[in-house]
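Trainee: Listed here are the chains, written in short residue letters.
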Amino acid sequence: MKENAIEVKNLTKKFGHFLAVDNISFTVEKGEIFGFLGANGAGKSTTIRMLCGLLSSTSGTAKVAGYDINNEVEKIKENIGYMSQKFSLYDDLTVEENIEFFGGIYKLKNKLLQDRKKWALETADLKGKENRLTKDLPGGWKQRLALSCALLHQPKIVFLDEPTGSVDPISRRNFWELINTLSEQHITIFVTTHYLDEAEYCNDIMLIHNGKIIAGGSPNELKTKYLTSPILQVECSDPLAALDILQNEIWVNEVSMFGNKLHLNINNEKKDTEFLKKLLNKNSIDIIKIGKIIPSLEDVFIHLIENNKKGGINAR
Amino acid sequence: MKGRIFHIVKKEFLQLKKDKKMLGMSIIAPILQLLLLGYAANIDTKNIPVVFCDMDNSRISRNYSETITNSGYFVKIKTINDINEIDSYINYGKASIGIIIPVNFGKNIISGKTVEIQGIIDGSDSNTATIGMNYITMITREYTQDFLIKKTEKLKKININTQKITPEIRIWYNPELKSRNFMVPGILGLLLMVTTLMLTSLAIVKEKEIGTLEQLIVSPIKPYELLLGKLIPFIIIGIIDIILVLSVASLWFKITIKGNEILLFFFSITFLISTLGIGLFVSTIASNQQQAMIVSMFFIMMPMMYMSGFIFPIENMPFSIQIITYVMPLRYYFNIVRGIFLKGIGFYELWFDFLMMLIIGSIIFTISILRFKKRIG
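Protein sequence lines, in the order shown, are assigned to chains U and R.
Numbering-wise, the working numbering puts 366 at position 283 of the first sequence, and it's gapless, one number per residue.
Numbering-wise, the working numbering puts 887 at position 36 of the second sequence, and it's gapless, one number per residue.
Keep in mind the hints are simulated off the structure, nothing from the lab.
Hints may contain errors.
From the structure, some residues in chain U lie toward chain R, with a derived Cβ separation under 7 Å [to be verified]:
1. Lys160
2. Lys169
3. Asp175
4. Gly187
5. Ile188
6. Lys190
7. Phe258
These figures come from a predicted structure and were not determined experimentally.
Heads up, the beta-carbon is just placed ideally off N, CA and C, and yes, glycines get one too.
This is chain R alone, in the form it adopts within the complex:
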């Protein structure tokens, strides 16, 4: 019984060792992706380039623009006087935000009148635009408030207790709000999906293409022996990838796992049930490696990547799409990985995700096995 499975596993590794492409895809690509995404997949908004059009050119207006620049979120590109120049700064991408300070800005503030400043934002990068705008609104509000308080103090010539409430926001789990901390654990999910799902489907379809699958089917090999023999290598590669990602995350990116590594590992194996199942499924519908690649890439992995909360928060999606995300095992795995990695939570909080992942994985896996058995039996 064990004999045949062992021979297939051994053969699979022999082939993998010789197939530089496959080896690269399973071991080197994960590290490369991890490093690339760890650095490049940066959605932190810092150093937004701003151009000021200061038409007031007073002490107060200069002070205001300095306050914005000093916040750390913005970099002043230039202060200009002609409002029409802003266009070219935005058009050429030299600045993402243009702030127009109107004439009499300083005067009006002192006299307590309403002042309006105008912000022109490059909406082609809506993410930066929204974040930048929010920052500016916040800074401006605070600035004018401060100003009012100081003014009242001066007028009354007495010290009053400012009743201003400043909320002190403490961010849990990812105190630096670094997107890397958020992204790198997510990459674990992506990598496991890519390596196990795609490699499994490719490895099986390849045998179909060259006819060896048929050669195996005419031998007395049992379907389960063939299946296990084909899947075990990718379970092993999956495990290596898990260890690899966890090591790079903690040793290179210094993101420590707050929760239990063993639990994360155990959940990851559960996730593999669904990716291997899907890989197997793809292999039953594709007749050559190109097809397998396209199907798994464009019809399975890309939608999963976009819809499982890796980049876009699920809460922001329309309800109909949110429903679809519930059948995506990756969605639950992201929750699990981020939960254990960043929040340090455990089974008690994650049981639902685990259960859903297990149920969906088992369903996919069973369907695929039945299809596979039907084809070879």
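The following block holds chain U by itself, in its conformation from the complex:
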């Protein structure tokens, strides 16, 4: 059996009367990339902050690296790295000064500090730029530097709170490559995001909605387990008008816009395709292309969240 890096049991956080995190439980295996997904305000950051010891829980427990979040916070802090979407570095210090400062906070000394500094500069791709002011670095580099600083003390678990919130797509891609490399070094990565394309990089995903976990599993499991009905992709002359019409049809489970295309969750591929063609013709919308597609995670999540709203089957 694989060991768990994080075990969460009935964790709850209330802010006044607001239930930010509602009785959640899950486990994260050692060395995996664990994606914690949800919309803004779903409870992602609250959970991550409780696990890092930044916030105390209202009830429930969790073990991080084997230590209890309720009474062994100090131990946890020694074993984790944390990076928030703010890339919390000192903008007015140079790259090297930032690394040395965070190294100092983690009490790295002499040889070890030098080694880790070298590692951090290589990882962040900032060799030769040691004396650049951090504020002059482009977002992607800042992000990598922030991650390197959070990893200086070689933690077993890294928490990344929306790490790619403010960087360009190429930097995002590079960043995920870096995350993969770390995972290969058996570092457990706990990452929150609301980018569903990023979730595809994760080994395991949990979807949180209104403080509750509504689904979990690997990206493939999610696509097959939770979404059994076929998905049609429709390209037409007036997707907005089509969206309006289709929203009111009872044979359509869900319809949503993906760029200028529509994704339809239906029950019967053949029958419903005919329905669709007739309906669009009647409303004089030209069909460009209709075809069944393999659902993306986004389709799955829209399905799950819609279900949750309807008060339908709770996916858990």
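Since chain U is already given, all that's left is putting chain R on it; use the hints.
Mentor: For chain R alone, coordinates are given in the frame of chain U:
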């Protein structure tokens, strides 16, 4: 243990070195303020402009107005004859006081009748007005007295011993009654407050704003290490400011410290406990630097400045406000600074101020630490 504190202190100075604004606020602003306040914060009343309306125009009336001018407190702007002209002198601010000498002023004095002169005072500057009026009353009384004495001597044609008692007033501690001597030591209190209180709150709130505080809290750093690391730099800056102010005061303004410098220094450090404590407190309630600035400026420093006796004597305040001043550490520090600077008194006379400052400072500091710990713990 020491390691982390050292790294934070080092980082703080690295940032300070690069942050021209902060550096300016902590080192250059004090010198500038000291020079400015040393020269500008002058509440001495000298050379009050006076316009005379001499309706008598006799030898005696002219002599009287000369006596006033020669006192050194007044400058004669003009002597006019039309009483209505006084208005424009006062309205345009050309004169602060108008003195009307009535017809028959000279005659009446000689014949021993009561004479009345009228003074019109620009009350918009009440400070100058009151002081000027007092001077004029004093000079006039003396003038008429002299006159009476001379007259009696003449009448009796004998020399009598004038029984007039002239008090010889000796002013201690600040013999020249220079307000600068009074103000400059007070500025030490203000500067220490501004630099340590405001900079401390700003430095902590800044970390909160950019998220580094959170980054530090997820590290194994202990709350006390973080606190000391953040506060030590400002203690050092405070000490530099103390030395700076004392040097400028004695070398530039030639105000020598009458008392014990070491004692003043020691008391100043005690004062820092309260300013650092308040700074820390502000940082726990403010969520960004603007808020920290406004809170410390308008809700803490300004009231303290006005109510601690820096400008307005506490004794003149209404009783209810006087009570409030007792919780202001600056009040005690002003007493201490002025006491040691100008009077040369020591611990024996100042123990109460010291004790109050220590108690209030400790209370504020403890509350702030608890709040700070609660937030980060």
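Trainee: Holds or violated: the hint that U:Ile188 contacts chain R, with Cβ atoms closer than 7 Å.
Mentor: holds (5 Å)
Trainee: Does the nearest C-beta of chain R fall within a distance shorter than 7 Å of the C-beta of U:Gly187?
Mentor: Since the shortest Cβ distance to chain R is 3 Å, the answer is holds.
Trainee: For the restraint on U:Phe258, tell me whether the closest CB of chain R is nearer than 7 Å.
Mentor: violated (18 Å)
Trainee: How about U:Asp175: closest beta carbon in chain R under 7 Å, or not?
Mentor: holds (5 Å)
Trainee: Restraint: U:Lys169 near chain R, CB-CB cut 7 Å. Satisfied or not?
Mentor: OK, holds: U:Lys169 within 7 Å of chain R, min 4 Å.
Trainee: May I ask you to test the interface hint for U:Lys190 with respect to chain R, counting a Cβ-Cβ separation under 7 Å as satisfied?
Mentor: This interface hint holds because 6 Å falls under the 7 Å limit.
Trainee: Should the hint that U:Lys160 touches chain R count as held when the rule is a Cβ pair under 7 Å?
Mentor: holds (4 Å)
Checked against the numbered hints given earlier, the structure breaks only hint 7 and satisfies all the rest.
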